[in-house]
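*Asks:* Sequence:
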Amino acid sequence: MARAGIAKPLDVLSRQKELRSDFYMTVAKGSTAYDTLNVQTALEKIPANKVFDSLENSERRWAPTRTVTLDELVSSIVSKGRQAMLTGILVYGDPESGSKVTNAQNISPKSGLRLDYLGVFKKDKLVGWLNRNDSKGVSYITDHDKSTAVNIPCEGEQITVNTTSSKTKIKGKVKNGNPKIVINVTSEGSIGEVGMQYRFNQT
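In this text, residue positions in the sequence shown follow numbering that gives the first Met the number 0: the first is 0, and each later residue adds one.
Hints listed in this document are in silico derivations from the structure and should not be mistaken for laboratory results. Check before you lean on any hint, since a few could be wrong.
Cross-link-like lysine-lysine pairs, in silico, DSSO-like; alpha carbons within 27 Å at most [said to hold, decoys possible]:
hint, residue 1, residue 2
1, K135, K172
2, K170, K122
3, K99, K7
4, K179, K168
5, K124, K28
6, K79, K170
Listed next, with one range per pair, are the computed distances between beta-carbon atoms [claimed, not checked]:
hint, residue 1, residue 2, range
7, N183, E154, 25 to 31 Å
8, V11, L42, 30 to 36 Å
9, P8, G191, 38 to 44 Å
10, S57, S30, 16 to 22 Å
It should be emphasised that the depicted structure is a prediction, and the values quoted were computed from it without experimental measurement. Where is the CB? At the ideal position from N, CA and C, for every residue including glycine.
All chains, full assembly: derive it from the sequences and hints.
*Replies:* Take a look at the structure:
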């Protein structure tokens, strides 16, 4: 349905006066919405609540994902110069096994739900998926990054920095008749892990 267009279903939902609009929207990747909501999970009896909590926690700790409410989705579709983006959710393992109650009782479930990266829409139609780095870049550019882990190269190794705050400033200008956008990202964080080997000189 996402690739065919979601304008009509969104129009029906947004016009229902009894319906709250503060729930999150997502798009199923590689499976149907029925299979996604039919997977039994161990900590939450209702799969929809599992998805809701996962989206909130993931947005706070992982930049490639974000939460989008119904109002935000509709606004991004109808606003000029903007396009909608939704976090993808996929079913890993066997969807048929995931629908059984025993799936939630196993120590190692045969099926489960996992949040993926951002799906990109053109108007109301899904046109493709971003990878992890592109999804993270979008979060930085649109100032949606709250906290995430960043790997920084250092002397052939990597340092992991856990960002605690981030602020983005975007400035557009025209240079030699060509549009140019300058993006300035200021982040604060703490060092979480160092993969470098320190060498001390003995005297």
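*Asks:* Given the hint that K179 pairs with K168, test it: the Cα-Cα distance must not exceed 27 Å.
*Replies:* It holds: about 14 Å lies between the C-alpha atoms, which stays within 27 Å.
*Asks:* Sort out whether K170 lies within 27 Å of K79, counting only the CA atoms.
*Replies:* Satisfied, since the Cα-Cα distance of roughly 18 Å is no more than 27 Å.
*Asks:* Sort out whether K172 lies within 27 Å of K135, counting only the CA atoms.
*Replies:* holds, 24 Å
*Asks:* Between S57 and S30, does the beta-carbon spacing fit 16 to 22 Å?
*Replies:* holds, 19 Å
*Asks:* Given the hinted pair K170 and K122, is their Cα-Cα distance within 27 Å?
*Replies:* OK: K170 and K122 at ~25 Å, within 27 Å.
*Asks:* Is 30 to 36 Å respected by the C-beta to C-beta distance linking V11 and L42?
*Replies:* Given a distance of about 32 Å, which is inside 30 to 36 Å, the answer is holds.
*Asks:* Could you see if the CB distance from N183 to E154 stays within 25 to 31 Å?
*Replies:* Hint holds: Cβ distance 27 Å, inside 25 to 31 Å.
*Asks:* State, for the Cβ atoms of P8 and G191, whether the hinted interval 38 to 44 Å holds or is violated.
*Replies:* holds, 42 Å
*Asks:* Given the hint that K99 pairs with K7, does the C-alpha gap stay at or below 27 Å?
*Replies:* violated, 33 Å
*Asks:* Given the proposed pairing of K124 with K28, does the C-alpha separation stay at or below 27 Å?
*Replies:* Between K124 and K28 the Cα gap is close to 14 Å, so the pair holds against 27 Å.
Hint compliance for this structure: hint 3 alone is broken.
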